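Participant: Chain by chain, the residues:
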Amino acid sequence: MSETDQELDARGLNCPLPILRAKKTLNGMSAGELLKIIATDPGSVKDFQAFATQTGNELMSSSEENGEFHFLLKKGG
Amino acid sequence: MTDKSMTIIATKGTLDWAYPPFILSSTAAALGYNVTMFFTFYGLQLLKKDLSLSVSPLGNPGMPMPMSMDKWFPVLGTAIPGMQAMMTGMMKNTIKSKGVASVAELRDLCIEADVKMIGCQMTIDLFDLNPKDLIDEIDLGGAATYLDHAGGSDINLFI
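Taken in sequence, the protein lines are chains E and G. Quick note: the first sequence uses the working numbering, first residue 375, plus one each step. Quick note: the second sequence uses the working numbering, first residue 9, plus one each step.
Bound conformation, chain E alone:
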C-alpha cells in the first residue's frame, strides 16, 4: 500500500460528483503527490480511467474492496 498525501471520501456520491470532487482536491495538491479516493458509484471505475487519460493525472491503482471502489491518483506535472 502506497502512502497517500490526501484522501477523498466520495462514498454515496453519484456521477459526476466523485470526479468533480477529485479534481477540486487535486487542484490543491502538488505534482507527484498521491490522492486516494474511495467511492461507491460503480460508474466511477471507468470514469476515473477516462479522467486520468484526459487530464494527465496518473491512475496508479483501481480496485474493489467490500463493494467500495478505491482509486489512487498521482497528480501530473
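No lab work stands behind these hints, which were simulated from the structure alone. None of these values were measured; they are calculated from a predicted model. From the three backbone atoms N, C-alpha and C, an ideal C-beta is built for every residue, glycine too. Be aware that one or more of the hints could be misleading.
Selected chain G positions facing chain E (Cβ under 8 Å, derived; list incomplete) [to be verified]: (1) 20; (2) 28; (3) 31; (4) 40; (5) 102; (6) 107; (7) 108; (8) 110; (9) 111; (10) 112; (11) 117.
Following the hints, put chain G in place on chain E, whose structure we already have.
Facilitator: Chain G in isolation, oriented as in the chain E frame:
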C-alpha cells in the same frame, strides 16, 4: 492537460432535462475543456436565480413510475391535476437519496469552473423574461455569439 473545447445548446426547462447539460459541462470543465453553454427557449429556465423546475410524467412513457403507478394511472392518469407536483417531489427525493447532485449544485460547480454561460436575447424578448431574474454570471447574446464559440470547438451538443 487538454486544450479542447465544448459547447452545449440547452433548450429544455424541466428538472430531468436540466441534468445532461450541467453534468456534461461541469465534468468537461474538470477535464480541462473550455466550455460554453447557450441557453435558449425553455432552457432559460435553468438560468433563473430561483430555480423551480418540475418533471412531468405526461406524454413521457419512458419515465419509470414508483410503486407500479403506471399500472394504476395509464396515460390519461398522468394528466390528473397534482400529478406533476407529486412526481416532481418524488423525483427530488430520489435524486437526494441516490447521492445525485441538485441542479443548483451542478450549476454552481459550472460557474466555479468558469463555464461560460450565454442566455438567448431573442428568447428573453419573445417571452418577456426579466434578465434580473437570471443569475448574474451570464452574458446575453444570439446565434452569432454562439457560433463564434462553436466554430472552433471540438464538441458541439444540442440538448
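Participant: Next step is simple, just say for each hint if it's right about the structure.
Facilitator: Right, here's what the structure says about each hint:
Given hint, residue 20 of chain G at the interface with chain E, is violated; its Cβ is 19 Å from that chain's nearest Cβ, farther than 8 Å. For residue 28 of chain G, the shortest C-beta to C-beta distance to chain E is roughly 11 Å, which exceeds 8 Å, and the interface hint is violated. Annotation: interface hint on residue 31 of chain G holds; nearest CB of chain E at approximately 5 Å, less than 8 Å. Checking residue 40 of chain G against chain E by beta carbon gives a least distance of about 6 Å; that is within 8 Å, so the hint holds.
Proximity of residue 102 of chain G to chain E is violated relative to the hint, the smallest CB-CB distance being about 11 Å (cut-off 8 Å). This hint holds: residue 107 of chain G has a C-beta 4 Å from the nearest C-beta of chain E, less than the 8 Å allowed. With a least beta-carbon distance of about 5 Å to chain E, the hint placing residue 108 of chain G at the interface is held under the 8 Å criterion. Taking 8 Å as the C-beta cut-off, the interface hint given for residue 110 of chain G is violated, the closest approach to chain E being about 11 Å.
The beta carbon of residue 111 of chain G comes no nearer than 13 Å to any beta carbon in chain E, farther than 8 Å, and the hint placing it at the interface is violated. The interface hint given for residue 112 of chain G is violated, since its Cβ lies 14 Å from the closest Cβ of chain E, which is over the 8 Å cut-off. Checking residue 117 of chain G against chain E by beta carbon gives a least distance of about 6 Å; that is within 8 Å, so the hint holds.
The structure is inconsistent with the numbered hints 1, 2, 5, 8, 9, 10, although it conforms to all the rest.
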